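Start from the sequences, fold in the hints, and give me the full structure.
Chains as they are written, first to last, in the numbering used here: chain R, 290 to 998; chain H, 272 to 799.
Simulated from the structure, these hints should not be mistaken for lab results. Please read these numbers as outputs of a predicted model, since none were measured by experiment. Even glycine gets a Cβ: it sits at the ideal position worked out from N, Cα and C. One or more of the hints may lead you astray.
Stated by the list, open to error - Sample of chain R residues at the chain H side, in silico, Cβ under 10 Å:
{"id": "1", "residue": "Ser372"}
{"id": "2", "residue": "Pro429"}
{"id": "3", "residue": "Arg430"}
{"id": "4", "residue": "Phe486"}
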Amino acid sequence: MAKKQPAEAAAQNQAKPDKTPERTRRNHPANRALRVFAFDPGVGATLQTRPIRELTLNVRWEKSLAPGPIGEYLEVIDHDPASQCFYAPVDLNDPHLLAQDGVALSEGDPQFHQQMVYAVAMRTIETFEQALGRVALWSPRKTNEETTPRFVRRLRIYPHALREANAYYSPEKKALLFGYFPTRGSGPGQTLGGTVFTCLSQDIVAHETTHALLDGLHPHFADNTNHDVWALHEAFADLVAIFQRFAHPEVVEHQIALTRGRLEDQNLLGALAQQFGTALGSRGALRDYLGSTDSQGHWTPMKPDRKLIDTTHEPHARGAILVAAIFQAFVEIYKSRSADLFRIGQAEPGRDLHPDLVRRLAREAAATAESVLRMCIRALDYCPPVDVDFGIYLRAMITADFEHFPDDSFGYRVAVIEAFRQWGIFPQGVRNLSEETLRWRSPDQHRTSAIDDDLKTFKACLKHLFNPVEMQRIYQEVRSEFGSPPVRQSQEDDPAEGQEIDINFHWGLNSDRRQVDETVRANCRWIHSWLHQTELRNLVKHFRLTLDPDAPATIPRSTWTKLPAIQVHSCRVARRRGPRGEVRTDLVIELLQRRAGFYDVEKQKRCDAGTEKFQFSQADFMLRRGCTLIIDPVDQELRYVIHTHGSVAHDVSADTPLNQLRRYLTKAHRESNTAFYAPPSDDREPFAVVHRHGPDSDDFSFADTTLDD
Amino acid sequence: MAKRTAAPRRKTTPNTTPQPSSAPEIPVERMPAPASGMTVRLYRQGHGDCLLLALRRVDEPTNDEPFYILIDCGMKKGSKLKDGPTIEQVAEHIRDSTGNRLDLVVVTHEHEDHVSGFLSEQTIFSQMTIEKLWMAWTENPEDRVANSLREQFKDTLIGLVGASSRLQAVNAATGASTPQSERLQFLLDNLLEGSIDADSRQGFTAATAKDKIPGITNKRAQKVLRDRAKKTEYLSPHQLAPGGGAAGYPVFVLGPPKNLAQLKEMEPRGDEEFHLAAAAADVAAFAAAFEETDGRPGGRPFDTLGIAAQRTEDIETVFKDLYGFNRDDYEPALDPPVYEPWRSIETDWLAASEAFALRMGDYVNNTSVVLAFQLPQSQKTLLFVGDAQSGNWRSWKTNTWEVEGKTLTIDDLLHRTVFYKVGHHGSHNATMNAGGLEEMAAGDLADEFVAMIPTHEQWALDVKPHPWVHPYPPILTELKRKARGRVIRLDLSLPDEELKALSAEERGAFRARYVEKPFYREYTVLDE
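This is the structure in structure tokens:
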């Protein structure tokens, strides 16, 4: 193949001496312009939507982008197994393509499809990274044979993997699978029986990419432990897909002009997957968060319904409630931010807005959308690692936003709380819905005499965490008590003698991702040792953990300490605004314990008591408890302990959470049976089933929890 | 035998056909018709429906011969009860109980557990006199809509067979056995059973299946009956059955719906013809992958042929060729994509076939004939729903019945319903509460409600790979509450402690009309 790399990239390639004369050398561009459908091929097929058919996305310039495209984060592999072929990969570095912003829009050219999935997925990754201030990692690969999860550099994208009205993220394959199917409807630009490609819908690509990003951050958010977990996955993916499009001024201005600035009126910005929806024979988008169209074609705005949450359990439908609430908050904030503009512009109802006003309003809408989206993404660092629900997510959003913007000048938090209230989403155990009660409290705030001493001890130990010398001492102590850790234990690797124990929290947006992955794992290892020092062992109960040697036998024991195993699930960094406006970096540590659960209560008792032997892989379900610790490494202060539901006694050894989960799962299982045949339950592809659309998609949900480790 | 019957009657037609081989030692008594009302006998062959009804001929007062109706005769393979008869014994028992003559056979729908007996015991049935056969309009070979539905399901089956054989081929090549292929085979066996015998299914491929699949399953069983019946009639909803009913009893046809959307449990939208074609399209596109055109699979999405990769090893070769080995334009630090089986998607697309298969199973259930028999005097009603699922139930209220100038609504019928043959073995989505069970037996009739469930719970719970929860506990609880314990089950007997809610008098009256025999359970609804 001809060498098509730009000069700069080749210059960095040490193997080849660069002979380009000094004066003609240029830095590589910041972005690569790539053309995509603004929504999908259906939008833009009518005269009204024609101006917003096409968009040019500015995607981060990747130095060594190979044909595929294959870059640092993504590899697009165009295998169409139903047609038993591959489609030749697009080379975006081809000068002909560089000169014209990539392949021109075409439904019939697979290379354009490859370009579009790459561009949209990359933009989604960038949104995510910018909000969190650190590089994004895909969830590592876990196998039964290896104890150490393997780093996965790239998410794989198969734009033509399926022949059905479906698209999903496969956590097992670390891949996005997109389908194509003959349309059932006759929406704009469709002929009956014409092919609809899910990979040509910005919304669907962004939605699935977000699933993958969320899975990389919180793999246990795919564990079905209550009605909200999967719903949150879906809601979050929709939120990113919706708010991301506000970054395109062309689209926002067009829609603002159309609605005369009233974003609560029917428009394309609040609806998802237009073409997909009409192709399946419905009257509009797959999901519309502004309103709905009845059989007569009348559009009615959506009204908050406080009761809906009690009766809606299917993940997409339940997630839609959360999205509707957050979108409503967005519209309210936009309205309050733009009220002055309407007054200045003397906009009159029924008259088109002045183009300048349209631009200003669009800017307000874009800024609002960006803030709300960042609020949604940053909340992920303030959630417990497992068993999350909408109420917890609300509290996480409020806390995360407070950490970045201590004074809520535009009233974002008030608007979000109010919208959640109107949709009937209330956190457990919170007496009222004010910002102060919803924010997670720091240990200092809810300190009682009972935990006062514990807190003092903990603070003393915390100082050691960032002191390599102390850490070495602690490590030696723990080692002398439990002996050398066995090899091949991911959390308990024996570090090389004399190696400096340094909790590294200095990484961000420019770090090498494989290195970050190794850093995170090393951090986890040190924290694991640190937790096992004698002083701390009695304190782990505050984290909903147990190190009691007599804990039920269904809690796996560490091969090293022989105590109930604690998994230091993650240790990453989170940015926030300090008291004087400076940027601070917090350490986010996730701790987890698990316990094998059995539907048969008698069997559970026998296994708990150790009178019956069992294999962990054979458990009916897995209970996980734990917490997220947020620590300020500079002030060496424990800022938040965000734990799973329940009181201090409700760690993994308690029966209450176990019984609750069993009840939930057995009920969900019963409800998910179809009449004649039981539904397909493929534990390996949870999202495939959830995303399978069809007349009977309501009948599908997955039956069991995933047993991933 | 039922205690309260008409005056003992002699056999009016001698049993002319000799029954040499399997004549039972004790001659089977003829099943008598009650003096008024209707006797419903539920045979105990296993997981499946087989109901024999006996009634007097109201329209021929001089004819003392009971009028016999058989509703379905089938069972899932291997579901026989330990203490119950074989399906052969049941067929013989039917023959002997009816004097070798059935006035009416109703086939509710085409599933094995409702029709298998007609096929496996065809030697017995083909010797019997069958006056009339009732089937749903969806079975009418002259109905245009019904025919295109059958074509659509033929496509589904071809897609399933293709998917199944493709999966097996890949598994054979890679030495893997996936739960996916087991599940698919299970679904496929269920759908093909009765349609094509096991031997012909061996080495079935999409190409050969095309000629062998007769459109929809279990056609062979139907053929036996069609050939035998003197007259075949097709039933449409919101009408009285052809001729007004049976033996002078009005019979109301409730389902299957004519509205295709409800038949498929879809949200009704758009016009029906259009939907039919549209829903067929996605199955057809899937199935087209197993039909070759120009040496490539059909249904290709692009004009370009792409780079062919048929077998697993081809896929690996093409992958390595296209993506990144020995390329000079990769940054050395960047690891090229690697072909690894765990990331291959060779078979993932085949999973769609499971959804198609499930949809098809639900569809067939929804094609169930649903009949309400009315007793002429009291107008009490007996409801037989086959395996109708929610779409079918919901359709009942979309229209009314015109009888002798009067307009009847579904609620009029349900309010008079004192006997309910529970749908689909008591599964969770084949009995609707609101607009269904809730409305049954209103007012004075509330005390009389009785339900009958053809279920073999223990067997169903052992079904692999997923148990069938039949009956679904919340439905069973509700039925027991409503019937105050009088829930007649195929697999269990009904001891007195189940009937605690009844007064001694009521219990006595119920016992007088209820019969438990090793071969069957029987209950008589009196027309008073």
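Against the earlier hints, flag every one the structure doesn't satisfy and list their numbers going up. Going through the list in order, the structure violates hint 2 alone and respects the others.
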